[in-house]
Amino acid sequence: SQQGEEDPQALSIQEGENATMNCSYKTSINNLQWYRQNSGRGLVHLILIRSNEREKHSGRLRVTLDTSKKSSSLLITASRAADTASYFCATDAGASYQKVTFGTGTKLQVIP
Amino acid sequence: NAGVTQTPKFQVLKTGQSMTLQCAQDMNHNSMYWYRQDPGMGLRLIYYSASEGTTDKGEVPNGYNVSRLNKREFSLRLESAAPSQTSVYFCASNFQGPLHFGNGTRLTVT
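These protein sequences, in sequence, are chains A and B. So in our numbering, spot 2 of the first sequence is number 2, and the numbers just go up one at a time. So in our numbering, spot 62 of the second sequence is number 1062, and the numbers just go up one at a time.
Rather than coming from a laboratory, the hints here were simulated on the basis of the structure. It is possible that some hints are incorrect.
Computed cross-link-like contacts, BS3-like style, restricted to lysine-lysine with a CA-CA straight-line distance of at most 25 angstroms [claimed, not checked]:
{"#": "1", "chain 1": "A", "residue 1": "Lys-56", "chain 2": "A", "residue 2": "Lys-69"}
{"#": "2", "chain 1": "A", "residue 1": "Lys-107", "chain 2": "A", "residue 2": "Lys-70"}
{"#": "3", "chain 1": "A", "residue 1": "Lys-26", "chain 2": "B", "residue 2": "Lys-1057"}
{"#": "4", "chain 1": "B", "residue 1": "Lys-1071", "chain 2": "B", "residue 2": "Lys-1057"}
{"#": "5", "chain 1": "A", "residue 1": "Lys-26", "chain 2": "A", "residue 2": "Lys-69"}
{"#": "6", "chain 1": "A", "residue 1": "Lys-70", "chain 2": "B", "residue 2": "Lys-1071"}
Chain A regions said to be covered by chain B (calculated; three or more residues, Cβ under 8 angstroms) [claimed, not checked]:
{"#": "7", "region": "79 to 85"}
{"#": "8", "region": "96 to 102"}
Stretch-level coverage of chain B by chain A, calculated; a stretch enters the list once three of its residues show a Cβ under 8 angstroms from a Cβ in chain A [as the list claims (entries may be wrong)]:
{"#": "9", "region": "1035 to 1047"}
{"#": "10", "region": "1053 to 1063"}
{"#": "11", "region": "1080 to 1087"}
Just so you know, even glycine gets a beta-carbon here, dropped at the ideal spot from N, CA and C.
With the rest of the complex left out, here is chain A (with noise of 0.2 angstroms):
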């Protein structure tokens, strides 16, 4: 099975609306990060969140992780037709952090 686990796996919004999206994960890490997809694209990283770090904003981008509970969220504000996308998050694993793997990812839907 995956390292990373997200819910939901498609959440439908108005643009203007705030879009949560969560990821667990099943063991220690040293980073995590979240990725942008669009349809039939190549992956754009948007964050990276240190194992040390609460909470980390870029732009409308905020990130939040608990390494006790092994969660991190990415929140969305203001969302844009245009972050019509899926979203995945991506942990680093093994002896040396070297083994990056991804979870199953959000689906993200703005109605204009």
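Using the hints, position chain B against chain A.
Same frame as chain A, now just chain B:
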């Protein structure tokens, strides 16, 4: 600066044929990765190489082999392709931070 370059972009194989997917990065990254993505799914790690000269299995290594030819290049080989290997394959590289992805190879096995 090309980043991560994958070839080919598209490939159609018959069951039992073999092929090698090529990946090269010019960012002097230590780590390189091969993922596959099936329709509507997330990325699953096939193999990774934490540094030149080392390779390790990921989540779904069966049916694949890899070679870390040098620091720049990391190839993925399908020795005997099966329809279950129909997927989009992504190569990526990093140095303790964000992954940089290639544009992907769309592989169909008939």
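Open item on the list: Need the list of violated hint numbers for this structure, in ascending order.
Closed with: Going through the list in order, the structure violates hints 6, 7, 11 and respects the others.
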